[in-house]
Each structure stands twice: as C-alpha cells, then as structure tokens.
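Given the structure of chain G, go ahead and fit chains A and L onto it with the hints provided.
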Amino acid sequence: MPRATAAQVAKAAGGIIEPAGGDAGEVILGGLAPLAVAGPDDLSWFGDKKYRTDFEASRAGAVIVPRDLETDKETVLIRVDNPELGMARAAVLFAPVAEHPGTVLEGALVHPAARVAEGATVYPLAVVGPDSEIGEGAVIYPLAYLGARVKIGARSVVQPQAALMDGVRIGEDCLIQAGAVVGAEGFGFAQTPEGAHVKIPQLGSVTLEDGVELGANTAVDRAFYGATRIGRGSKLDNLVQVAHNVDMGPDCALAAQVGVSGSVKMGRGCFLGGQVGLADHITVGDRTLIGAQSGVPSSLEGHQAYLGSPARSFRLAQRIMVSENKLPDLIKRVRTLEKRLAALEAEAAPKGE
Amino acid sequence: MPRATAAQVAKAAGGIIEPAGGDAGEVILGGLAPLAVAGPDDLSWFGDKKYRTDFEASRAGAVIVPRDLETDKETVLIRVDNPELGMARAAVLFAPVAEHPGTVLEGALVHPAARVAEGATVYPLAVVGPDSEIGEGAVIYPLAYLGARVKIGARSVVQPQAALMDGVRIGEDCLIQAGAVVGAEGFGFAQTPEGAHVKIPQLGSVTLEDGVELGANTAVDRAFYGATRIGRGSKLDNLVQVAHNVDMGPDCALAAQVGVSGSVKMGRGCFLGGQVGLADHITVGDRTLIGAQSGVPSSLEGHQAYLGSPARSFRLAQRIMVSENKLPDLIKRVRTLEKRLAALEAEAAPKGE
Amino acid sequence: MPRATAAQVAKAAGGIIEPAGGDAGEVILGGLAPLAVAGPDDLSWFGDKKYRTDFEASRAGAVIVPRDLETDKETVLIRVDNPELGMARAAVLFAPVAEHPGTVLEGALVHPAARVAEGATVYPLAVVGPDSEIGEGAVIYPLAYLGARVKIGARSVVQPQAALMDGVRIGEDCLIQAGAVVGAEGFGFAQTPEGAHVKIPQLGSVTLEDGVELGANTAVDRAFYGATRIGRGSKLDNLVQVAHNVDMGPDCALAAQVGVSGSVKMGRGCFLGGQVGLADHITVGDRTLIGAQSGVPSSLEGHQAYLGSPARSFRLAQRIMVSENKLPDLIKRVRTLEKRLAALEAEAAPKGE
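Residue numbers (this note's numbering), protein chains in the order written: chain G, 5 to 357; chain A, 5 to 357; chain L, 5 to 357.
The following block holds chain G by itself, in its conformation from the complex (with noise of 0.2 Å):
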C-alpha cells in the first residue's frame, strides 16, 4: 500500500496541519483506520463527537478533526471542515494505483466495428460487440461483456463478469462492478385469456449518467421505450434491482438489495436503505431518506424521511413499531375494560328503572 506524510494527506484533504511550523508535516502514515483501532503508522479521523473518548485514547500517527475542535491531544492533527470528506478525499493517498497498459491487449475479443478511444484498456477474454465505443482511459477486465452499440464514457471501468448489453450507454467515470448486468430484458408481459404470458419487447435501452457506480450482481433492466436513467453520481450498492423505465435523478444512494420497480421516478439525492422496495409507477421527492426494508406502495414527497412496510413518516413507523410491543397485552385490557364496563353497566340498569 503507498505511503504518505502528514503534510501530503492535508494537503489532499484541504486542511491546516497541527502544530504548525514544526516537522509534524514530516510524519509518514501507511494506512487508515478508526479512532480505537489505529496505531502510530495509520491516519484517523475524528468527526462524530460520540467518538470523542476514542478520539482521546487513540494512538493514531494523525488525526483528521474538525476545524474548530478544542484540544489538548499531542498528536498531528489536520483540521477540516468536514472530517469525514477529508478522510475520503486523504484515503485516496492509500489506495493501491492500478495501472493499466492504455490499449487493446491480445486475447480481446474486439469486433472489427467497434472504437476503441486512444488510452483505453480492453483486457484479455473482454468481450466488445460492434459498433460499441469504448471512451479514453476505460478499461474493460477480463471476462466483461459488451454488446453491440454500448457506449462507455472516458475513465469509466468495467469490472469482469460484468455484462452490458446491447445499445446501453455509460457515461464517464463509471464503475461497473463485478457481475453487474446493465440493459438485461425489461419484465413486461401480457395475459392470454388462458394466462400464458406474452411477452412486450422491450425496445428501449439504459442510460448511466457520469459518475454512476454499480455494485457487484446489481441489475438494470432497459427501457420498454426511451431510456432507464440513473443520474449524475448516483451510486447503487451490490444486488441491486432497477426495473424498465426507472429514472432516477443525480446523487442517489441505493445500498443493497434495494428494488425499485418500473417507471419509478426518483429525484435527486434520495438515500435508500438496504432491501427498500418501490412499487412502480411511484414518485418519490428530492432528497427523501428511506429506512431499510421499507416498502413503499404509493408517491413519497420529498425532504423528509419514510420508514415501515407500508412505509409511512419516520416518526410515525417508530411510534408504530413501540405499540406493536404492547400489542398482545393490549387486546387483554381491552377485554378487562369490556367486562368491568357491563358490570358496571348490570349496576347501572337496575338503579335506572
């Protein structure tokens, strides 16, 4: 794993070193890792305050902490606004540097017809089918497959066993994990008076918009006409489904196993839970948080955050999910209330007449 000073990872991370003036900057770091975990050689970060007896006690070599915090600690401390940022920014220096030869290797399986932009890599046993265009500084692993007429923006990647099917379009700077398919066949079909399904051709197709990552088995289906979209930035997570005619806008995160079903139309910034489902046809705001395992039958409005099955307002699943624990005891004093009720009630009558 690459090395770097103190000085470099604030350097990367816009922030002022401490103590200043001195060879703090000097100080080599190999690695990253939590505030209780990190020992002298690795960089930590400090952003949360519940963390702050770990923060004390670590033993970390350099310390990314917020711009304003108060403390005595003597370690190196770079000072951010937003630690967290900066930790990702920093972590960047870490990370092993794949090189890439920057063209076709022998062993590809390139169609005569397809173009291959000056820079990119297409490894041996990729697949790419014609009339595809491959952008600068892409790169395609072993084992992926492109169709015909696929597009791939500069510096996206294509992790192996991955499939991108006919006529699907990838912006730039994507990442296409492993065994992620893009553009598999939408599910549409209709009913013969017998119930055989018949299928609708699925005639549209997939467009990724720059910066889209797709974890590894994620599938998205292509459009039944137009394009699926997902928008600038928006990172889906492993085993992820996005069905036909979904458009999602910029900057989602979907974490895994989330479904989101046709024709669902998704704004920007959208934060799903693991294993969230949507049922299609929906319309879900700008900015809406989504607890895990929600299922959300029906238009969520933005800016606000949804939890349960049927997903309803956070508050309220929460109020929802403490009464369900008094639920069974409930039901008893409800039956008690009944009987004490018409004992009173039996009182009652004969005073009344």
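Be aware that a few hints might be false.
Pairs involving identical chains hold if they fit within one copy or between any two copies, as the list cannot separate such chains.
Here are the simulated SDA-like pairs of lysine to any residue, each with C-alpha atoms no more than 25 Å apart in a straight line [said to hold, decoys possible]: (1) 15 x 101; (2) 53 x 205; (3) 77 x 353; (4) 15 x 38; (5) 330 x 340.
No lab work stands behind these hints: they were computed from the structure. Nothing here was measured: the structure is a model prediction, and the numbers come from that model.
Quick look at chains A and L alone, frame taken from chain G:
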C-alpha cells in the same frame, strides 16, 4: 429500429383498422410509446379506462384500442379484444431482429463429446461441457458457461455470464438472462453435535420446461433428489432465488428479488410481487396473487390474493395496515378509558354499600 | 450416479446394519430419496418422528434410523446417533466424483507471476492475476476470475463466473459458487456540502476461513480497512450480501438473500433465515437464530431466537403477529367502549349533583 405500417400492426395484433377503406393502413410507425409520450411516429395503446384523458390528447400516429371503444378521435385506431395483448404482439415488429450465424464460431470452447444441432449458434468464449446438447436454433452467447450433460432445447437463448451447471435441462424457447445461475448447489447441511455443518450432497438436477425465462442474476438450485422444476411458460425476473426441490407450475410470474425456499410446491398462474419470500415445504395453490414484500410462512389456498409479513388475505392485511396508523393513539385511548372507568367504579362502589 | 452397498452406507454414516449377520449389507442402493418417495433402489432416512407414517409405509431399500428406534418394519435399517447427519455422510457415496486433471490447462490465462501448486487445476478461459497463489488440489473453473494477489487454499473450488478481486484470501476446502463476487468495493461515500458522493477508497481485503461456502451470485465486500472476515465453516446461500468490515464467526448459516450491513460483528453458529437484514455496526451473539425476513436494527444477545421487522424475541413477535389479526376489530371495540362509558358517565353525573 425496424418500422411497420398500421396494417402490419393490425395483422400482428389481430385487430381491425379504422377508419376502414382509406389509406390508414399505410401509416408508417417507427416505435412504441405510452399515450402521453407518443408522437405521430409512434404506435400507442389504450386499455385501461383511467388513461381516457391521455388517449383523447394523445399525438400517437396510431392507437390500439378495445373493440367496442366509442370515440370521435381522429387517429388511426386498431380495434382488438385486449389492447395490452395486442400491443405486446405488435411490439415485436419494432424489435431489432437478432441475427445469429447458426454455427459454432471459432473461439467457442465446445467439448468434443458435446452435440450442437444444425442452426444453433455457439459464440466465441462460450463454454460447452462434455455430453451437453444444444438444440436447433439455440444461441449460446460469449462468456456463457454450460457444464457437463446440460441440455438446451431448440431456440433457447443463453446470455453472457450465465452458468448452467452439470446436468441441467432447459426446454425449448427459454431465455436465460445474463448472470443467471441454474443448478447451483442446494443449501443443505446436517449439523454435528459440535455445530459444524456437514454438507448434504445435492444429487438432483434442474428442469426448466418450455418457454421459461430467468432474469439477470437469478439463481435456481439443483434438487437434493430428483429435479427442481419450473413449469412451462413461467417467467422469473432478476435476482430471484429458487431453492432445491421447488416444484413450480406453468405460467407463474415472479417479480424481482423473490425468494422461494426449498420444496415449495406452487400451482399454475401464480403472481408474486417483488421481494416476496416463501417458507420451505409449503404449498401455494393455482392462480395465487401475493403482494410485494409479503412473507409466506405456511400454505396458501389458490385463487386468492395475499399480502403482508406474515401474509394474510389481501383485505385483512390492508385493514391491519390502516389500523396500525391508529395504534399509538389507541394505546392512549385505552389508558384514558381505564382511568375513567376506575373513577366510575370508585364512585359506584360506595353507593353499593 | 455411483452406487453403494448398505454396508458402505453404514460405514460412511457411522452406523450398524440390521438385520445383522445376514446379507443385508450387500443390498445395492443407487440413490437417495425421502421416505415417501424412495423406491427399493433408494436409501432413505428417518430422523423426525412426524414422518413415522411415511417410515412405516416406505418402500426404501434401506433406511438410516435412530439408534434406539423400535420397529418391526422389514427393511434394511442402519442405526446411527443422528439420522440426518448420517444421511449427509452417506449421500457422498452417491454423488458423482468430479475428476480434474490437476494441472493448468491450455487456454487458461495464468499470469507468469502467479503460483499454482501441484495438483491444482486451472481450466481454460479462467483468469489468474499476478502474484496469486492456488493451493494443492484447488480447482478454478472456466470463466472464473482471480485478480492480483488472490490466495486460494488447498482443495478449494472456484466455479465459473465467480470473481475474486485483488488481494482476496480464500482458505482451504472452500466453495465459491457460480457468479459469487468476493472483494467487491465496499459502499462508502462522504458527502460534499452540495450532496455529491465522494468515494471512500476501500483499502482492506476479504478473508474467508477454511470450509466457507458462498452461494451463487453472493457478494462479499472488501473492508474499508483490515479485512472483512467469514469464519471457519460458515455457509452462505445464494444472493447474500456481506458488506465491508463484517466480522462473522465460524459455523454460521445464512439463507438466501440475507443482507449483512457494514461492520456487523456476528458470533459463532448463528442461523439467519432468508431475506433477513442486519443494520450496520451491530453485534449478534453466538448461536443466535433469526427468522426469515426479520430486520435487525440493533444488537442481539446470543442463544436466543428472534423474528420480525424490527426483530423481537421470537415469542413476542409471534404474539404480536397473532394480535395484529384482531387489531382492526380492536379499534371498533375501543370506540364502542368509549361510547358506552360516556353514556354511563352522563348517567352518573346528574346523580352526583
């Protein structure tokens, strides 16, 4: 994309053109789109009455409509019994025609003891193991894997990155999408007294009957004994799990991320929404509908709809979901009732003396 | 399928044949099937008392039974301590013996700087990256991908379409099924003030200890730092997600479509039903049982069973599920109580004057 005339559409859809006798049949269409989106170059369809406004305003070049629709709209109409079915049949006209060379291409890894029928295509970098059989007109894409003794029926298609393990039998006109795995090991283990798992070898196989489709990255386990079976014409979406010894009837449709546990016996024509889970060894009757995210712990009678986890009759499940919204408040109301009742009782008690 | 005598079965299962002294041990068996299905050519087993009727009526050629079973049934019996375990051990006799050439085959893409031990098999179209090591007797199937610095222990098997990314370490006697991805990027991003996701490079790796099995299309993420770990002998079914920095103990069993979020610490011998989801950073104690579709938001004590979303003790969850059926009615009953009580109060009030 291929183009088609309204007359060709009418023929494919089994419908009648209106206005008759003119040149309506010669209108040329270039694609398919919903009413609200379609332009003069597009075919559209109008089946569900709730889209009446969209229909009246639609700019579509031609619209497939119910045979008895009353309308003054001046568009080319194609009258059919079932517009969605008609649309499915007409859409084929606009789908690109896949052309395959119908032979084993150089670079395909076909075992000498495999048999490939006339007119079948095996692409480069596809693997076909010993004693496997590929039927007439079948297509094995690059990077698809077929183990030993795999049988592929006529006209079936195996997409890239799919894996058909030893002994798997695929019927005619099947589609195995990218990344699907058929014949994975069933998940069967016995436990030693110390808690270690001892694998139970899964000696059976998998049979997909004619017309079955498996979505991207779907997994079907081989049977413990005999064969896991998926019935004729059943369609499975992406990322579905079918465990060992499942016996699924014909014409079922399973949406994405459904999980069917071991030895489930499912009837014909069942519809399962996304992320549904079925417990092992249960029976699901014919034409059962199961709503998305339902969890089914025990057998279900057919010809009914179910919802929820645990799954209940659709109507009860919906009533419960509505009731849950009132649950937190209900607890307060019961507490209030208890206090008020206690007060009344206290009042009543002395009077009784 | 290989055949075996009852004597061979008894030896493999660690049991005693009955009737003793005769030629019972020479009965030849050709397969394995449950009691109700088995014919005279099949071995069966009888462990669970609820199958007593099936046992009495079974036509099986031989049956593995509990050591102390009392029966007059005239069949070849093989008495063992644990019939299911005995069956698992005997079933191996009927499993086809996979024969591998034990060498690197022509057409395999093995980097010159990779080391392949004696007796290991690397099939054609498998990819093995630089500095990777394949242990003795290991098998790398066609179309499997191993990146750089991957280590595969002795006798481990990597099936087709699997991807083991750079630096992943697989122990001995492991099975990586088709389409599984080990060492996928962890899902870690920091957000800019504008809401864009900045990737946090995942610098760690994955360690699968000895005897681990991963199902088809299962994904295991590399760690953010250090290593994601799956403990010795743990078995993961198909389509399971294991996020970065999960630390799973030995002998766990995770059914299909389970999702384990980042940094979960799981003890030994846990059983998770299908589609269970675990929130990040929680701890799950030893021998925890979690029912299918449960959602676990917080840490769980071991040696107990849980169910539901959110997960509760199994007993409470079941009581809640039963109570929910009465919830719609309960609301009506409370409304009735309120009216009756109000009437009583109204009656009582004037009397009090």
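| request: Please work out whether the CA atoms of residue 53 and residue 205 approach to 25 Å or closer within one copy, between two copies, in both situations, or in neither? | output: between (54 Å within a copy, 23 Å between copies)
| request: Can you give me the call for residue 77 and residue 353, within, between, both or neither, at a CA distance of at most 25 Å? | output: Answer is neither; intra-copy 78 Å and inter-copy 70 Å both fail.
| query | Which holds for residue 15 with residue 38 at a C-alpha limit of 25 Å: within a copy, between copies, both or neither? | reply | within (20 Å within a copy, 53 Å between copies)
| When no copy is named, should residue 15 and residue 101 be tagged within, between, both, or neither for a Cα gap of at most 25 Å? | So residue 15 and residue 101 pass the 25 Å test inside one copy only (18 Å; across, 55 Å).
| said: Treating 25 Å as the Cα threshold, decide for residue 330 and residue 340: within, between, both or neither. | reply: both (15 Å within a copy, 16 Å between copies)
In this structure, the one hint that does not hold is number 3.
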